[in-house]
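Quick mapping for you: the protein sequence lines, in order, are chains U and Y.
Position 48 of the first sequence, counted from 1, bears residue number 48 in the UniProt record's numbering, the numbering being contiguous throughout.
Position 467 of the second sequence, counted from 1, bears residue number 467 in the UniProt record's numbering, the numbering being contiguous throughout.
Since the hints were derived computationally from the structure, they do not count as laboratory data.
Here the structure is a predicted model, which is why all the values come from computation and not from measurement.
Glycine included, each C-beta is placed from N, C-alpha and C at the ideal position.
Among the clues, some could well be false.
Derived CB-CB ranges, DEER-like [said to hold, decoys possible]:
1. G316(U) / L105(Y): 29 to 39 angstroms
2. D376(Y) / W106(U): 49 to 59 angstroms
3. L105(Y) / L327(U): 20 to 30 angstroms
4. H96(Y) / L327(U): 24 to 34 angstroms
5. K118(Y) / G261(U): 31 to 41 angstroms
6. A55(U) / F17(Y): 49 to 59 angstroms
7. P169(U) / K380(Y): 53 to 63 angstroms
8. L367(Y) / D216(U): 26 to 36 angstroms
9. N51(U) / H96(Y): 55 to 65 angstroms
10. V325(U) / R56(Y): 25 to 35 angstroms
11. K380(Y) / E260(U): 49 to 59 angstroms
12. D204(Y) / L327(U): 41 to 51 angstroms
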Amino acid sequence: MMQDTDFTTATRVRQNGSARALLRRFFRWEASGILIALAILFAALALATDNFLSAYNMSVVARQAAFVGLVALGQTLVLLVGGIDLSVGAAAGLSAIVGSIALTQWGLNPFLIIPFTMGFGFALGALNGMLVAGLRLNPFIVTLATWEIFAGMTLVITQGYPIRPLGAPFTWFGQGDLLGVPLPVAIFALVALVLVWVLAQTRFGRNIFAVGGNRDAAVLAGIRVRRVEFLAYGLAGMLAALAGILYASRMDAGQPSVGEGWLMGAITAAILGGTSLRGGQGSIVGTVLGALLLAVLANGTVLMNVSGFWQRVIVGGVVLVAVLVDLLRRRD
Amino acid sequence: MSEAPPLIDARHISKTFGAVHALTDVSITLAPGEVHSVIGENGAGKSTLMGILCGRIRPTQGTLLVNGAEVHFHSPQDAQAHGIAIAPQEINLVPHLTVAENILLGAHRGSAAHIDWKATLAEATRHLHEVDDGVDPRARVSQLSRAQQQLVQIARAAATRARVIIFDEPTATLTYRETDKLMGYIRRMTAEGRSAFYISHRLDEVRELSHRITALRDGAPVGCIGPEEASRERMVTMMAGRPARPNIAAPRDLSTRPPVLEVRNLTREHEFQDISFTLRKGEILGLSGLIGSGRTELAKCIFGLTRAQSGKVLLDGEETRFRSPLDAIGSGLAYLPEERKAEGIFPLLSIAENTALPSLDRFTGALRMRNREMLDEVGKLARQLKAKFSSLGDPISSLSGGNQQKFIIARWLMREARVLIMDEPTRGIDVNAKQEIQSVLRRLTDERGLSIVLISSEMEELFDVADRILVMHEGRVKGVKNRSEATQEGLLELAMS
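Chain U extracted, bound-state conformation (with noise of 0.2 angstroms):
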């Protein structure tokens, strides 16, 4: 069973391995139910559908779950440590931005630049997690204001127009595949394995969880809160980062739009996943099969033939029967 909340899983398996126990643990997981969904929409799709689950479909949806994925995953740490950050896309689009600028006017070597725009990212985040963290002020509040300055920032260096080209070899990054997936497929799912083990298996990973559960109850157990707090909030304004530089390679251009819409995608794909907005509950995997599903129901509404205009009504309904669902199965 893959569930990054309870190290405790394994022997609780081994005390009553029965399938009854087995199925019953399965609908206490928080994704257990954004599983099925997916599960059931893959196979509708595949049967209404012609072109669904041919490799180049499947390396469309995935490169999208990517982009907002990476975004959501540094969104759940926000999320679990029980705050918010909704600068996430307005960080991606400056990181970006720096980094093209790094890349075609600096002169960067374009292997570092990767790495230099997600230091950016950090900074980014940094700053907002002083600010929560440091200064105990409101995350929803403080990410409001950073979104206006990111995303002022962004046209204030660009001017409203994109930086291009970025050229080879650095578009590869965003353009290039490893043994057929695609590399930002290939990085989003090594970041979240990643991040699986962390959560599961560091200090850090379960601080997070104490943090989010119960602060109070963790400043007296000795836990260093505030780091916590402000590594969550630096963590996701890197990975939004990491989404955004990779992006501009794929378009081979640093477009001043880039992460716009992105926040949205990234607190459903985390909520669609299980993830609590209170902090304390949520996981890794649920949120990947956020971002997966919202790809699958993008990709699906095309191929379908539905309007675009629809698909933003289908994705709030999903929202909404997840919220209804997870009503349900808390009753039980």
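Fit chain Y to the given chain U structure using the hints.
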């Protein structure tokens, strides 16, 4: 009293939640002017029964008569319309509104278009001061202590002018002064012909106040007795189904033991002044005092949560400067907070993790947590503390309060803490679990040389387990007494002097 028709007559009430039988065939009556107490261990069904009487829960079976007429409550509003109000155990006030507004919430004086604030304040003040005149009706609820909030909640129930008020653990957070006032209020109220259901773990209060006492065990009534037959032993036997064990620990002479924690002239303005005391190795030092005496504030300051303006804290003879709880924990100190739910446990995390969180550094391997080792160690401590659980992977919120507290103690034993500062460690925990925790504390001091500062509002608890009792009042130390020379009256006098 017996001729009048009962104000409340609940007949053969049963309630099931899924497969769980919370109440089985409970019948209970309440006469005008009567205080009827309901006692029982946690989970015995007291709160469910009261929930049914106040319209919050609907019974699965049984009938409810008010003044001889059958009623069906669909909401607490229905019950209030029949003159039944509850002062619940959990605080549910609006923190950012004033005390007065909370008392008359939804019942402001004036017209729909215009609130008469003066009349509202006056009316609220009157109800508040009937219960306790020590609370400012203009203060915001968020600024009040937990005990004061409890009093406001009681005043809110009183303000409905209900003929029946249900008191659900009203004194759990109160000290003796406030408890006395509340007792006075209940007596005045019953003298007027109004009645009360009274739920409490404090058996002395129950005996003193009640006309009748009903005990519940596992959702079923065990018996109904008058106060004259309600000895402590009798009540505990009824609740637990077995006689209580005497729990008074033998006195120990620890005056030759080395001091572990020394507090010297510690002062923090508006909280406490010039506090000095010494805690010796293996000693339990009781800290007694009224609400607002600065006990909790002192504990938090020693633990590094707040900073003192002057004075010092010595650990093993060396001066400490704790800038955060982290520093204090690093030196072997631990603080177990009064609000176990709000500040003690991580409700979403497993029992094992709740216990091991501060000690995770000991179990980090190169790539993985060494969970097996951690579980073994938590399990070992659980056995030592006689904690009951089905699996260490279950969420801690599935345990009873007493068992939760044991795992929080285990948390700090795992971290090798040498000094525990425990703030009301047995509050809201039923009699037998309380005694178990108390004997655990004694055993830990004997076997591990653990030193404990035990903050408690319950004199009985301090007399049972503490070696010495320190009395605080209005932020000052009024005196320290060996338990063997202390009397309850003597300590009260000391506190008031």
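Practice task
Confirm or reject the claim that L105(Y) and L327(U) have a C-beta distance inside 20 to 30 angstroms.
Solution key: About 28 angstroms separates the Cβ atoms of L105(Y) and L327(U), which means 20 to 30 angstroms holds.
Exercise for the section: Could you tell me whether the CB distance from H96(Y) to L327(U) stays inside 24 to 34 angstroms? Expected result: 28 angstroms, holds
Practice task
Using the Cβ atoms, figure out if D204(Y) sits within 41 to 51 angstroms of L327(U).
Solution key: 45 angstroms, holds
Handout entry: Cβ distance range 49 to 59 angstroms for A55(U) and F17(Y), holds or violated
Key = Since A55(U) and F17(Y) have Cβ atoms about 52 angstroms apart, the given range 49 to 59 angstroms holds.
Practice task
Look at the Cβ atoms of D376(Y) and W106(U) and judge whether their distance stays inside 49 to 59 angstroms.
Solution key: 56 angstroms, holds
Problem - Supplied distance hint 29 to 39 angstroms, evaluated on CB atoms of G316(U) and L105(Y) - result: 36 angstroms, holds
Problem - Hint check for R56(Y) and V325(U) - Cβ pair distance inside 25 to 35 angstroms - result: 27 angstroms, holds
Exercise for the section: Could you say whether the range 26 to 36 angstroms given as a hint is met by the Cβ separation of L367(Y) and D216(U)? Expected result: 32 angstroms, holds
Practice task
Indicate whether the distance between the beta carbons of P169(U) and K380(Y) respects the range 53 to 63 angstroms.
Solution key: 58 angstroms, holds
Exercise for the section: Given the hint of 31 to 41 angstroms, check if K118(Y) and G261(U) actually sit that far apart at their C-beta atoms. Expected result: Once the Cβ atoms are compared, 54 angstroms apart, the range 31 to 41 angstroms for G261(U) and K118(Y) is violated.
Exercise for the section: Take the C-beta atom of K380(Y) and the C-beta atom of E260(U), compute their distance, and say whether it sits inside 49 to 59 angstroms. Expected result: 55 angstroms, holds
Exercise for the section: With respect to the beta-carbon atoms only, verify the hint that N51(U) and H96(Y) lie 55 to 65 angstroms apart. Expected result: 57 angstroms, holds
In this structure, only the earlier hint numbered 5 is contradicted, and the remaining ones agree with it.
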